[in-house]
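Student: Please model the entire structure based on the sequences and the hints provided.
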Amino acid sequence: MRKGQNRFIAGFLLAPLTLYLIFVIWPYIQTVGYSFTNWTGQSPVFDFVGLDNYTELFRDDVFRTALWHNILLLVFIPVVTILIALFFAFMVNVGGRSAAGGVHGVRGSGFYKIIYFFPQVLSLAILAVLFQAVYRSDQGGLLNGLLMKMGLVDANSPIEWMNDPDLVLWCLMVIIVWHGVGFYLVLFSAAMQSIPKEIYEAALLDGAGRAQTFFRVTLPLLWDSVQTAWVYLGIVAMDMFVLASTMTPGTGFGGGPDHHGEVMATVLMRNFLYFGKSGYACAMGVVMLILTMIISVITLRATRRERIEF
Amino acid sequence: MGSTSAQSDNGGLGRRNLIKRSAALGLIAVPTMSFLSACASGGGEEDPKSTKSKGPVSKENPFGVNKGGALDVVVFKGGYGDEYAKAWEALFAKRWGTKVSHLGTQEITGKLQPRFNAGTPPDVVDNSGAQQIKLDVLFKGGQLLDLAPVLDAPSLDDPTKKVRDTLIPGTIDTGLQGGKVVSLNYVYTLWGLWYSGKLFKEKGWTEPKTWDDFLAICKEAKADGIGGLAHQGKHPYYINIVIMDLIAKTGGLDAMKAIDNLDPKAFVGSDAAKAAIEAVYEIVEKGLLMPGTNGLTHTESQTKWNQYKAVFIPSGSWLENEQLKQTPADFDMKFLPIPLLPDSVLPFEAVRAGSGEPFIIPAKAKNMAEAQEFVRSMLSKEWSTTFAKEANSLTILKDGVDPSVELRPGTQSTVDAVKAAGDANSFNYLYPNWYSEMDVSIQNASNELMSKRIMPAEWLKRAQAAVDKAAKDPASKNNHRD
Chain B
1 MRKGQNRFIA GFLLAPLTLY LIFVIWPYIQ TVGYSFTNWT GQSPVFDFVG LDNYTELFRD
61 DVFRTALWHN ILLLVFIPVV TILIALFFAF MVNVGGRSAA GGVHGVRGSG FYKIIYFFPQ
121 VLSLAILAVL FQAVYRSDQG GLLNGLLMKM GLVDANSPIE WMNDPDLVLW CLMVIIVWHG
181 VGFYLVLFSA AMQSIPKEIY EAALLDGAGR AQTFFRVTLP LLWDSVQTAW VYLGIVAMDM
241 FVLASTMTPG TGFGGGPDHH GEVMATVLMR NFLYFGKSGY ACAMGVVMLI LTMIISVITL
301 RATRRERIEF
Chain W
1 MGSTSAQSDN GGLGRRNLIK RSAALGLIAV PTMSFLSACA SGGGEEDPKS TKSKGPVSKE
61 NPFGVNKGGA LDVVVFKGGY GDEYAKAWEA LFAKRWGTKV SHLGTQEITG KLQPRFNAGT
121 PPDVVDNSGA QQIKLDVLFK GGQLLDLAPV LDAPSLDDPT KKVRDTLIPG TIDTGLQGGK
181 VVSLNYVYTL WGLWYSGKLF KEKGWTEPKT WDDFLAICKE AKADGIGGLA HQGKHPYYIN
241 IVIMDLIAKT GGLDAMKAID NLDPKAFVGS DAAKAAIEAV YEIVEKGLLM PGTNGLTHTE
301 SQTKWNQYKA VFIPSGSWLE NEQLKQTPAD FDMKFLPIPL LPDSVLPFEA VRAGSGEPFI
361 IPAKAKNMAE AQEFVRSMLS KEWSTTFAKE ANSLTILKDG VDPSVELRPG TQSTVDAVKA
421 AGDANSFNYL YPNWYSEMDV SIQNASNELM SKRIMPAEWL KRAQAAVDKA AKDPASKNNH
481 RD
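Going line by line, the protein sequences match chains B and W. Mapping of the first sequence onto my numbering: residues 1 to 310, in sequence order. Mapping of the second sequence onto my numbering: residues 1 to 482, in sequence order.
Just so you know, the hints here were simulated from the structure itself, not pulled from any lab data. Note that the Cβ used here is the ideal one computed from N, Cα and C, for glycine as well. Warning: the hint list may mix true and false statements.
As the list claims (entries may be wrong) - Below 20 Å or equal to it, Euclidean Cα-Cα: the simulated EDC-like pairs (lysine to aspartate or glutamate) are:
#: 1; chain 1: W; residue 1: K469; chain 2: B; residue 2: D164
#: 2; chain 1: W; residue 1: K461; chain 2: B; residue 2: D47
#: 3; chain 1: W; residue 1: K286; chain 2: B; residue 2: D61
#: 4; chain 1: W; residue 1: K219; chain 2: B; residue 2: D154
#: 5; chain 1: W; residue 1: K469; chain 2: B; residue 2: D52
#: 6; chain 1: W; residue 1: K472; chain 2: B; residue 2: D61
#: 7; chain 1: W; residue 1: K452; chain 2: B; residue 2: D47
#: 8; chain 1: W; residue 1: K472; chain 2: B; residue 2: D52
#: 9; chain 1: W; residue 1: K140; chain 2: B; residue 2: D47
#: 10; chain 1: W; residue 1: K222; chain 2: B; residue 2: D154
#: 11; chain 1: W; residue 1: K257; chain 2: W; residue 2: E83
#: 12; chain 1: W; residue 1: K472; chain 2: B; residue 2: D60
#: 13; chain 1: W; residue 1: K461; chain 2: B; residue 2: D61
#: 14; chain 1: W; residue 1: K469; chain 2: B; residue 2: D61
#: 15; chain 1: W; residue 1: K469; chain 2: B; residue 2: E56
#: 16; chain 1: W; residue 1: K452; chain 2: B; residue 2: E56
#: 17; chain 1: W; residue 1: K325; chain 2: W; residue 2: E83
#: 18; chain 1: W; residue 1: K452; chain 2: B; residue 2: D164
#: 19; chain 1: W; residue 1: K472; chain 2: B; residue 2: E56
Claimed, not checked - Computed far set for chain B versus chain W, every beta-carbon distance over 12 Å:
#: 20; residue: V45
#: 21; residue: Y54
#: 22; residue: L72
#: 23; residue: V75
#: 24; residue: L83
#: 25; residue: V106
#: 26; residue: W161
#: 27; residue: M173
#: 28; residue: H179
#: 29; residue: L204
#: 30; residue: K277
Tutor: Next comes the structure, spelled out in structure tokens:
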């Protein structure tokens with residue numbers, strides 16, 4: 001490479017890199033700094049308190065509960081979303097069977113693709129409003145109304161979905177999965193379409209069924225996309241702030257009933273804005289950052305596979 | 001997935017891998033970044049005090065406002081709207097020739113936190129709503145002006161009196177932090193239960209004065225397919241009105257102060273608290289709650305109450321204005337003080353009364369004189385009447401509304417309740433303003449109790465634990481009431 005070229009490239013990189021440093025890296029560094037102080041968030045005055053925030057964090061039951069909830073979500077959201085998306089993508093693209101042979105999706109697959117992508121178009125804030133009507137705790141709710149019509153639930157003791165400690169997290173999870181499946185379906189569809197048809201045709205000729213085709217042909221060739229999806233969904237599971245804070249009961253960013261709907265982000269925000277313990281909240285932010293990083297690295301490592309060329 | 005030619009075979013990091021990894025790392029930033037970047041604050045340097053020359057100080061102009069100055073006002077645009085503030089600002093501009101900038105918003109914290117941190121706050125703030133900046137937090141950060149000079153200035157209506165002496169007694173206590181009045185809670189508010197006069201007439205019920213009468217009505221309602229008590233379950237703040245008022249009325253002001261003063265026997269070991277929480281639990285146990293009410297938001301539950309799906313609902317006197325559109329024209333909204341348990345110290349007429357809608361002047365306000373004069377003017381009869389007209393509510397100014405203004409039935413019933421209670425029988429808790437963490441913990445426990453997941457004994461234990469925790473905070477030494 002010639003000298004001039006180097007300088008040329010460096011010139012192009014400088015502006016975005018500077019922006020990245022100022023708006024992404026610098027806030028991180030500041031946060032780490034604040035996490036060692038008793039900053040209230042409402043005043044520029046604060047004292048340095050060393051590791052106090054972090055030691056307090058380890059004793060904080062609420063934060064620990066929230067952490068476990070995030071881990072629970074981290075296990076279930078990617079698995080469930082990817083499995084459903086893969087199944088649908090497979091059916092829509094190569095699941096069809098016809099007398100003349102050949103590879104194509106089930107009947108009406110083009111229509112399904114559009115329908116599946118629908119939820120992805122809605123923002124999480126709209127979803128929260130929508131699902132509040134679904135999970136409403138009296139007979140006015142969609143679920144309760146249906147269950148009552150079917151005679152499964154007594155009108156005098158409806159299921160309080162979001163106010164039930166055993167249900168609240170799962171209810172949130174259903175929304176996220178419902179929201180995500182469409183997107184990953186499209187992602188996997190695109191990847192599947194780039195797999196040469198000859199491979200499928202060969203599999204067909206060898207007498208492979210749908211399941212075999214899927215596990216022996218489709219999945220290995222899709223591994224890169226699955227891996228990407230996993231990292232993305234893992235990050236969604238570590239966040240969950242919008243839904244948890246708007247839909248769960250409780251004062252100061254939800255998290256109820258009695259911390260059963262808590263995720264790390266709701267605890268963080270309550271401490272940050274409601275209790276005025278911003279330094280402490282920054283310590284939580286740092287812990288969240290480290291955890292997310294560790295999880296991403298582990299995911300990328302653990303899912304590494306031999307690359308298949310085609 | 002196509003070609004993989006980007007993968008280098010010599011064991012080094014392939015271009016594609018590198019891009020993928022950095023993308024993944026960048027993505028990590030997404031969930032945490034919004035919080036973290038919110039942490040970014042201005043520098044820690046103190047602003048030099050505003051050196052702007054003040055105008056001449058006189059009895060008419062106690063703060064030395066200069067003609068043609070500037071004023072920056074931010075108000076919470078919630079249940080009361082912000083038309084009243086615009087009307088005030090016009091009056092102020094007319095009198096002083098001041099250039100007033102106005103912002104009406106619901107996002108008080110979002111809009112103002114950066115300004116407080118940067119040391120450039122507005123001059124007057126109506127710090128209210130769900131996203132208000134917590135007062136205790138602002139106070140601890142030294143961000144609030146002591147309002148004593150305003151309260152001790154001569155009243156606009158009667159210069160022989162101090163502003164302080166023209167207000168309804170007890171209303172400025174809500175603004176106390178560390179012994180100083182740092183917020184002026186402008187709207188006079190009553191808390192208690194509410195019912196429909198029309199429903200009562202139809203059923204032939206009378207206002208229940210004892211807890212037994214109250215339960216009897218709830219039971220009759222249940223037999224007719226109506227819920228007894230509705231509450232705003234998603235926000236346990238509301239059911240705490242019933243619980244806490246019942247404690248105060250049963251045990252008297254001492255029981256209330258024990259809680260505010262973080263007494264080690266505020267809940268556990270307090271007979272009043274025990275009797276009160278058991279009484280509230282009886283509603284749950286006997287199935288007298290409106291079905292599903294534990295999970296409803298305030299608007300959902302209040303609207304169902306407006307549809308005669310429940311007899312009673314707890315709330316403050318903003319309820320009528322908040323529900324204007326949902327309330328049937330002949331609903332005849334009525335206020336009810338919390339009914340009494342046997343052997344109560346306070347009479348039935350006693351009500352939790354106080355003031356809401358905290359107006360503050362930031363300690364670093366640029367136009368201090370204008371801000372103070374603005375707050376003094378708020379406490380004039382002219383401005384108070386303007387508020388009542390525009391916002392449908394009373395202010396803390398004694399007889400502050402021109403008699404020509406006709407009140408809605410709910411507001412009228414609160415006026416009657418205030419008269420019946422008199423100065424001696426109004427009380428108000430201060431702990432929600434002093435200790436937000438304790439408040440939230442007790443609210444969580446109340447939600448558990450109403451959902452029948454914990455028993456009264458456990459509630460008492462948890463409430464006491466919240467009190468004990470607050471008492472350990474070194475800052476709690478600054479708050480005490482006698």
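Student: Next, verify each hint and record whether it holds.
Tutor: Hint check:
1. Annotation: proposed proximity of K469 of chain W to D164 of chain B is violated, straight-line Cα distance about 27 Å (limit 20 Å).
2. With a C-alpha separation of about 34 Å, the suggested pair K461 of chain W and D47 of chain B falls outside the 20 Å cut-off, and the hint is violated.
3. Proximity of K286 of chain W to D61 of chain B is assessed by CA-CA distance (about 33 Å); at most 20 Å being required, the pair is judged violated.
4. For the hint pairing K219 of chain W with D154 of chain B, the CA-to-CA distance comes to about 19 Å; that is within 20 Å, so the pair holds.
5. Proposed proximity of K469 of chain W and D52 of chain B is supported: the alpha carbons are some 17 Å apart, at most 20 Å.
6. Distance restraint check for K472 of chain W and D61 of chain B: the Cα-Cα separation of roughly 17 Å lies within the 20 Å cut-off, and the hinted pair is therefore satisfied.
7. For the given pair, K452 of chain W sits about 43 Å from D47 of chain B by alpha-carbon distance, which is inconsistent with the 20 Å threshold.
8. For the hint linking K472 of chain W to D52 of chain B, the alpha-carbon distance of about 16 Å falls within 20 Å, and the restraint holds.
9. This hinted pair checks out: K140 of chain W and D47 of chain B have alpha carbons roughly 13 Å apart, not beyond 20 Å.
10. Note on K222 of chain W and D154 of chain B: the hinted pairing holds, with a Cα-Cα distance of about 15 Å set against a maximum of 20 Å.
11. Our distance criterion of 20 Å between C-alpha atoms is broken by K257 of chain W and E83 of chain W, whose separation comes to about 37 Å.
12. With a C-alpha separation of about 15 Å, the suggested pairing of K472 of chain W with D60 of chain B holds against the 20 Å cut-off.
13. Pair hint K461 of chain W plus D61 of chain B holds up; C-alpha atoms about 17 Å apart against a cutoff of 20 Å.
14. Between K469 of chain W and D61 of chain B the CA atoms are separated by roughly 14 Å; this keeps the pair inside 20 Å, and the hint holds.
15. For the hint pairing K469 of chain W with E56 of chain B, the CA-to-CA distance comes to about 14 Å; that is within 20 Å, so the pair holds.
16. The hinted pair formed by K452 of chain W and E56 of chain B fails the criterion: a straight-line CA distance of about 32 Å is larger than 20 Å.
17. The straight-line distance between the Cα atoms of K325 of chain W and E83 of chain W is roughly 18 Å, inside the 20 Å bound, and the hint therefore holds.
18. Distance hint between K452 of chain W and D164 of chain B is fulfilled; the C-alpha atoms sit about 11 Å from each other, no more than 20 Å.
19. Taking the CA atoms of K472 of chain W and E56 of chain B, the gap is about 14 Å. The hint holds against a cut of 20 Å.
20. With a least CB separation of 6 Å from chain W, V45 of chain B falls inside the 12 Å interface cut-off, contrary to its annotation.
21. Under the 12 Å C-beta cut-off, the non-interface status given to Y54 of chain B relative to chain W holds; the minimum distance is some 16 Å.
22. With 12 Å as the threshold on Cβ separation, the claim that L72 of chain B sits away from chain W holds: the shortest Cβ distance comes to roughly 16 Å.
23. The Cβ of V75 of chain B sits about 17 Å from the closest Cβ of chain W, beyond the 12 Å cut-off, so the non-interface label holds.
24. The Cβ of L83 of chain B sits about 20 Å from the closest Cβ of chain W, beyond the 12 Å cut-off, so the non-interface label holds.
25. Residue-level check passed: V106 of chain B sits 23 Å from the nearest beta carbon of chain W, beyond 12 Å.
26. With 12 Å as the threshold on Cβ separation, the claim that W161 of chain B sits away from chain W is violated: the shortest Cβ distance comes to roughly 7 Å.
27. Listed as outside the interface, M173 of chain B is consistent with that label: its C-beta sits roughly 16 Å from the nearest C-beta of chain W, beyond the 12 Å cut-off.
28. Against chain W, the non-interface label of H179 of chain B holds: every CB pair exceeds 12 Å, the least being about 15 Å.
29. The claim that L204 of chain B lies off the interface holds: its Cβ sits roughly 21 Å from the closest Cβ of chain W, which is beyond the 12 Å cut-off.
30. With a least beta-carbon separation of about 9 Å from chain W, K277 of chain B fails to lie farther than 12 Å from that chain, contradicting its non-interface assignment.
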